[in-house]
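Enquirer: These are the residues of each chain, in order.
There are 2 protein chains.
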Amino acid sequence: MNEYMKKALDLACQNLETKVGGPFGACIVKDGKIIAASSNHVILDHDPTAHAEILAIREAGRVLQTHDLSGCELYTTCYPCPMCLSAIIWSNIRTVYYGNTKEDASKIGFRDDFIYSYFQSLPCSELIHFHQVSHEDTIKSFQEYEKDQEKITY
Amino acid sequence: MNEYMKKALDLACQNLETKVGGPFGACIVKDGKIIAASSNHVILDHDPTAHAEILAIREAGRVLQTHDLSGCELYTTCYPCPMCLSAIIWSNIRTVYYGNTKEDASKIGFRDDFIYSYFQSLPCSELIHFHQVSHEDTIKSFQEYEKDQEKITY
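Note that the protein sequences, when read in sequence, are chains A and B. For the record, in the first sequence the residue sitting at position 154 is 154 according to my numbering, with numbers rising by one throughout. For the record, in the second sequence the residue sitting at position 34 is 34 according to my numbering, with numbers rising by one throughout.
Honestly, the hints are just simulated from the structure, not real lab data.
For chains that are exact copies, the list does not tell them apart, and a pair is met inside one copy or across any two.
In silico DSSO-like cross-links for lysine-lysine, where the CA-CA straight-line distance does not exceed 30 Å:
1. Lys30 / Lys6
2. Lys19 / Lys140
3. Lys151 / Lys107
4. Lys147 / Lys7
5. Lys6 / Lys107
6. Lys140 / Lys151
7. Lys19 / Lys30
8. Lys6 / Lys151
9. Lys30 / Lys151
10. Lys140 / Lys30
11. Lys19 / Lys151
12. Lys151 / Lys7
13. Lys107 / Lys140
14. Lys33 / Lys140
15. Lys19 / Lys147
16. Lys107 / Lys147
17. Lys140 / Lys7
18. Lys7 / Lys30
19. Lys6 / Lys33
20. Lys7 / Lys107
21. Lys6 / Lys140
22. Lys7 / Lys33
23. Lys6 / Lys19
Next comes chain A alone, as it looks inside the complex (with noise of 0.2 Å):
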């Protein structure tokens, strides 16, 4: 095991002591130095997004002052959920290492691998009930954003 999945390993391993969230580790590497790490903080924080592979993401945001992670790589102790996949690629992360698989997730009782069958599923599941409302004003703040010249895209 490189030093990059070990870092992540640790991380993960506390929490099975901490009980702070899930037994998730993950680590942020660029130009071969691990910029940011952090394992699962669901339960401490009372927050659910806050997995590893969000926390390290937005870690290394800071410490490289951008939203953009071009370059850097991502290792996560087990497959990203597709919250955390979604992140990677509104990061611009384009690399990822990981140990478990989602299926392994799945038998200790997380939920990655349902949350993936739900996309394949959509449009169609009742998941989340969606409702439409207010298009016609919502979308004047889409309209006034388009003819903004210096905007910064993401």
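Could you slot chain B onto chain A? The hints should help.
Expert: Structure of chain B alone, referenced to chain A:
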């Protein structure tokens, strides 16, 4: 437009001036009361995960002191991206009111629709390069977790 969507849209429109992030706003309602609200902060916070819905979910968790937002409803000025939709599922929010569509977001330069397509094309897409490593080590952390009788699942 009801007061909840108005709150979300006011926040989205503020971003057109402040440019702290894209033109998106969200709020979370419990028992008829807004308990959390945010606009997108990706640019200001250097945080690719700082979508309006994610920030509102994080705030609601802090307010309610739990990662479980069952019974809450989300209002968002735009249909949530896959990251935010996954966060909604993790948080146990079941009802979402939205204004703009993901196709509207695509038209003004955001990748929401692209990421939805990516999930539909899995596992074949080459967008992210995945490498499984060290499974024989990482699986031990899951085996230990499974033995814990007092774990909190989420």
